[in-house]
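S.K.: In case you want the letters, here they are:
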Amino acid sequence: MLQHEAAAALWYAVLATAWIAYLAQESFIVGSGMLHRFGYGPAKRRSIQLSAGLHYDGIEVWLIVAVGGTFAAFPPVFAAILSSLYVPFFLLIASLIVRAISIEFMYKDDSPGWRELMSFLWALSSLLVPFVLGVYFANLFRGIAVDSSGYRGMILELFGYAGLAGGIFFVAEALVAGAAWIRLTTIEDREGKEPERAAPVAAILALFALLVLFLALNNRTELFTGSALYAKAPILWALPVAAVISAALAALAAWRRTAAPQFVAAAATSVLAMASLFAAAFPRMLMSSTDPLFGLDAFTASSSQRTLGVMTWVAAVFIPIVLAYQAWKYARFRKDKHGEA
Amino acid sequence: MLEALSRLQFALTIAFHYLFVPASIGLVFFAAIFETGYFFTRKPEYKSLSNFWSEIFLVVYVVGIATGLAMPIQFGTNWSKYAVFMGDVFGSPLAFEALIAFFLESTFAGIWIFKRNKIGPGLRLATVWLIALGTAISAVWILTANAFMQHPVGYELAADGSKVLLANFGQLVTNPYLFWMFFHNHGGALLVGSFIVLGVSAHCMKDGPRPAFRKSVNAALVVGLVSALSLPALGDSYGKYLATAQPLKAAIILGQLKSDGQGGLAPDATSAASLPVDLSSLPELPNADLVRGAFIAMVVLGVLFVLLMLLFTFRRRLLWESPFFGKAAIWLTPLGYLAVICGWIVAEAGRAPWIVYGLMSVRDALSSVPVASVAFSLFLMVALYALLFAVALKLIVRAVRRGPEDVQEAPHAAA
Numbered sequence: 001m002l003q004h005e006a007a008a009a010l011w012y013a014v015l016a017t018a019w020i021a022y023l024a025q026e027s028f029i030v031g032s033g034m035l036h037r038f039g040y041g042p043a044k045r046r047s048i049q050l051s052a053g054l055h056y057d058g059i060e061v062w063l064i065v066a067v068g069g070t071f072a073a074f075p076p077v078f079a080a081i082l083s084s085l086y087v088p089f090f091l092l093i094a095s096l097i098v099r100a101i102s103i104e105f106m107y108k109d110d111s112p113g114w115r116e117l118m119s120f121l122w123a124l125s126s127l128l129v130p131f132v133l134g135v136y137f138a139n140l141f142r143g144i145a146v147d148s149s150g151y152r153g154m155i156l157e158l159f160g161y162a163g164l165a166g167g168i169f170f171v172a173e174a175l176v177a178g179a180a181w182i183r184l185t186t187i188e189d190r191e192g193k194e195p196e197r198a199a200p201v202a203a204i205l206a207l208f209a210l211l212v213l214f215l216a217l218n219n220r221t222e223l224f225t226g227s228a229l230y231a232k233a234p235i236l237w238a239l240p241v242a243a244v245i246s247a248a249l250a251a252l253a254a255w256r257r258t259a260a261p262q263f264v265a266a267a268a269t270s271v272l273a274m275a276s277l278f279a280a281a282f283p284r285m286l287m288s289s290t291d292p293l294f295g296l297d298a299f300t301a302s303s304s305q306r307t308l309g310v311m312t313w314v315a316a317v318f319i320p321i322v323l324a325y326q327a328w329k330y331a332r333f334r335k336d337k338h339g340e341a
Numbered sequence: 001m002l003e004a005l006s007r008l009q010f011a012l013t014i015a016f017h018y019l020f021v022p023a024s025i026g027l028v029f030f031a032a033i034f035e036t037g038y039f040f041t042r043k044p045e046y047k048s049l050s051n052f053w054s055e056i057f058l059v060v061y062v063v064g065i066a067t068g069l070a071m072p073i074q075f076g077t078n079w080s081k082y083a084v085f086m087g088d089v090f091g092s093p094l095a096f097e098a099l100i101a102f103f104l105e106s107t108f109a110g111i112w113i114f115k116r117n118k119i120g121p122g123l124r125l126a127t128v129w130l131i132a133l134g135t136a137i138s139a140v141w142i143l144t145a146n147a148f149m150q151h152p153v154g155y156e157l158a159a160d161g162s163k164v165l166l167a168n169f170g171q172l173v174t175n176p177y178l179f180w181m182f183f184h185n186h187g188g189a190l191l192v193g194s195f196i197v198l199g200v201s202a203h204c205m206k207d208g209p210r211p212a213f214r215k216s217v218n219a220a221l222v223v224g225l226v227s228a229l230s231l232p233a234l235g236d237s238y239g240k241y242l243a244t245a246q247p248l249k250a251a252i253i254l255g256q257l258k259s260d261g262q263g264g265l266a267p268d269a270t271s272a273a274s275l276p277v278d279l280s281s282l283p284e285l286p287n288a289d290l291v292r293g294a295f296i297a298m299v300v301l302g303v304l305f306v307l308l309m310l311l312f313t314f315r316r317r318l319l320w321e322s323p324f325f326g327k328a329a330i331w332l333t334p335l336g337y338l339a340v341i342c343g344w345i346v347a348e349a350g351r352a353p354w355i356v357y358g359l360m361s362v363r364d365a366l367s368s369v370p371v372a373s374v375a376f377s378l379f380l381m382v383a384l385y386a387l388l389f390a391v392a393l394k395l396i397v398r399a400v401r402r403g404p405e406d407v408q409e410a411p412h413a414a415a
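Order-wise, the sequence lines are chains G and C.
In this text, residue positions in the first sequence follow the working numbering: the first is 1, and each later residue adds one.
In this text, residue positions in the second sequence follow the working numbering: the first is 1, and each later residue adds one.
In short, the hints are calculated from the structure, not lab data.
Treat the hints with caution; some may be incorrect.
Unchecked claim - To give an idea of the interface, some chain G residues facing chain C are shown, with a C-beta separation under 7 angstroms as derived from the structure:
#1 A94
#2 E104
#3 A145
#4 S148
To be verified - Once the Cα atoms are required to be at most 16 angstroms apart in a straight line, the calculated EDC-like pairs of lysine to aspartate or glutamate come out as:
#5 G/K108 - C/E55
#6 C/K215 - C/E45
#7 C/K327 - C/E405
#8 C/K118 - G/D109
#9 C/K258 - C/D289
#10 C/K43 - C/D268
#11 C/K215 - C/E405
#12 C/K258 - C/D268
#13 C/K394 - G/D110
#14 C/K81 - C/D364
#15 C/K43 - C/D406
#16 C/K394 - G/D336
From the three backbone atoms N, C-alpha and C, an ideal C-beta is built for every residue, glycine too.
Sequences are here, hints too, so could you generate the full structure?
M.R.: Here you go:
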C-alpha cells in the first residue's frame with residue numbers, strides 16, 4: 001500500500017486531472033453554447049445543439065468526480081472551500097441546471113417563442129458557467145479570506161482584477177474552442193454569417209487575460225516564484241510558458257481559419273494553464289489571504305491512508321474503463337455532421 | 001434560523017430531486033424491455049414503444065440529473081462540519097457513485113437521447129441497458145452513503161474524537177441496512193415506473209384499446225404486480241431488522257411510543273414493551289406523529305396497490321372500458337409518489353435527531369455561513385425548481401399527446 005504522503009500527493013494529482021479533463025472539454029461545449037444563437041441559420045443551430053448535447057452530460061461528470069473526490073480524499077478542503085464560496089457554488093449549480101434544461105429541451109416544443117427562450121438561456125448559462133469557474137479558480141489560487149471561524153470576505157471581493165482575468169480567460173478560451181468545435185462537427189451553414197469568424201478576437205483576449213491572471217496570482221501569493229514544486233523541478237516552468245505559447249498559437253490558427261489546429265491549441269491552452277496552476281499550488285489546496293496559518297494543504301487535510309488506498313484501487317480500475325468508453329464515443333460519432341434526424 | 005433554513009433547503013432539494021429518480025429508474029427499465037423485444041423480433045412496434053417511453057424518460061432523466069447536482073455540494077456549503085467529521089467514510093461512496101455510475105449513465109444517455117435513431121439495434125440495446133445498469137449502480141452507492149447515516153458500520157473514531165475514520169470498507173458496502181434499503185427502494189421505483197406506464201396507457205386508451213398501449217399495460221402489470229407484492233413482504237423483514245438497528249424508530253412505527261403533546265415521547269399505555277432507548281440522553285426527539293402517520297399511510301397505500309394490481313391483472317379490460325378504473329389507474333402515479341415520500345419520511349425523520357445515527361446530531365453538522373447566504377440559495381433553488389416542474393410537466397404532457405409513432409404508416413426502418 002502507498003505511503004500516506006504519497007497517496008495524498010497522488011490524489012491531489014488525480015483530482016487536478018479530473019478538473020483539467022472537465023474544464024478542457026467543457027470549454028468547447030459552453031463555447032458552442034455561447035456562439036450558437038449569433039447569426040447562424042436554423043439548421044446550423046440545430047446541428048450545434050445536437051453536437052454539444054451528445055457530449056455535455058458525460059463531460060459534466062468529470063466536475064462531479066472532481067468535487068466528490070475532494071470530499072472523499074480531502075474532506076476539510078471540501079468543507080472549507082464550499083462553505084466559504086457558498087454563493088458562487090450555488091450560482092454555478094443554478095447555471096449548470098439551466099444549461100442542462102435548455103440544451104436538452106430546446107427542440108422539444110415547436111413554438112418559436114419556446115425555442116428562442118431556450119436558446120437565450122443556453123447562451124446565458126454557457127456564459128455564466130465558465131465565468132464563475134474562472135473567477136473561482138483565480139480566487140482559489142490567489143487565496144481567499146478565511147480564518148479560524150470561516151470565510152471573512154465579501155462576495156464582491158472575488159471580482160477583483162485577478163478574478164475578472166480568470167473569468168475572462170475561461171470565457172474567451174471557450175469561445176475559441178467552441179468556434180473550432182462548431183466548424184469541425186456540424187453541418188455547413190448556407191444561410192448564416194459564420195459568427196465564429198470572431199474567434200481571433202476572442203483568442204487575443206484569452207492570451208491577454210491569461211498573462212494578467214498569471215501575473216496577478218504570482219503577485220499576491222507568489223504562486224509560481226514561491227512554489228515548492230517549481231523550486232524542486234524548474235522544468236515545470238515550461239508549463240506556464242507553454243500555456244502562453246499555446247494561447248498565441250490558438251490565436252494564429254483562428255486568424256488563419258484552420259479549425260483543427262485551433263481546436264487543439266485552445267484545448268491545450270486550457271490543459272497547460274490549469275496544469276501549471278495546480279502544479280504551482282501543490283501541496284497548498286486552500287490559501288488563506290488573512291493568515292497562511294488557516295490554509296490547508298494536501299498532506300495535513302487528506303483522508304486516512306485506508307480511505308485513500310480503497311479510492312486508489314477503485315480509480316485504477318474504473319478511470320481506464322471510463323476513458324475507454326468516452327474515447328470510443330468521440331470516435332464513433334466523430335464523422336457525424338450532426339444534422340436533423 | 002440557520003438550522004431551519006438549511007434543513008428546509010436540503011429537504012426541498014432532495015424531495016424535488018427524488019420526484020424524478022424513481023421515474024427514471026422505472027421508465028428506462030420499460031424502454032429496455034421493449035428494446036429487448038425489438039432486438040429479438042425486429043418488430044417496429046417494439047422500437048416505437050421503446051422510443052415513446054424513452055421520450056418521457058428523457059424529460060424526467062434530464063431534470064433528475066440537473067437537480068442531482070445540487071445535492072452533493074450541500075454537504076460542503078451547508079453541512080461542512082458534517083463533511084469534516086464524516087468525510088473519511090462518507091465521501092468515497094459519493095465519489096464512487098460519480099465514477100462508476102454517473103459516467104456510465106450520462107455517457108450513454110447522451111447517445112440514447114441524441115443518436116438512438118441513427119444507430120443499429122445492437123448498439124441501441126447495449127445503450128439502453130447500460131443506462132439501466134447505471135441507475136442501479138447509482139442507487140447502490142448513494143444508499144451505501146445513506147445506510148451509513150442510518151446505521152454506521154466499518155468506522156472507528158479518531159483518537160482525538162474529531163472525526164470518524166474508515167476501519168473496514170467491506171463492512172461499509174455490506175451494511176445490512178443497505179441491503180434492506182436497496183431492495184425496498186428499487187422495488188418502489190419500479191412500482192412507480194409501472195404506475196406511470198399504466199396511467200399513461202389508460203389515459204391514451206380512454207377512447208378505446210390501442211395495440212401499443214395494450215402491450216405497455218401487459219409489461220407494466222407484470223413488473224408492477226411483482227413489485228407491489230414484494231414490497232410488503234420485504235417491508236416486513238425490513239421492519240423486524242429495524243427493531244435491532246434503530247429501536248427508537250421501530251418503537252414509533254409500531255405505536256409503542258407516542259407523542260405526549262408537549263414535544264416529548266411517552267410509552268403507549270396499552271403497550272407492554274419497555275422503552276428501547278434512554279430518551280433523556282437525546283438532544284431532540286423524532287416527531288412521532290409525523291413518522292407514525294407516514295408509516296401508516298405507506299402501508300395503507302401498499303395494500304391498495306396490491307389489490308389494484310391484482311384486479312387489473314385479472315380484469316385488464318377495466319383499464320379502457322371503465323372510466324372509473326381508467327381514472328384510478330392515472331391516480332396511481334401520484335399515490336405511488338406519496339407512498340415513496342412517506343417511506344422516506346419514516347426513514348429520515350424517524351432517525352431524528354441524528355444525521356449519523358448515534359454519532360452526530362443534525363444540529364452539530366451545520367456550516368457557519370451567513371443566514372442571508374442560505375436564504376439566497378433557498379430562494380434561488382425554490383424559484384428554479386418551480387420553473388423546472390412546470391417545464392417537465394409541460395413536456396411530459398406533450399410527449400403523451402403525441403403518442404408512439406404509428407408503425408402501420410411508417411416504413412420498416414429496422415436497420
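S.K.: Which earlier hints can't be squared with this structure?
M.R.: Violated hints (numbers, rising): 3, 4, 7, 8, 10 and 16; every other hint is consistent with the structure.
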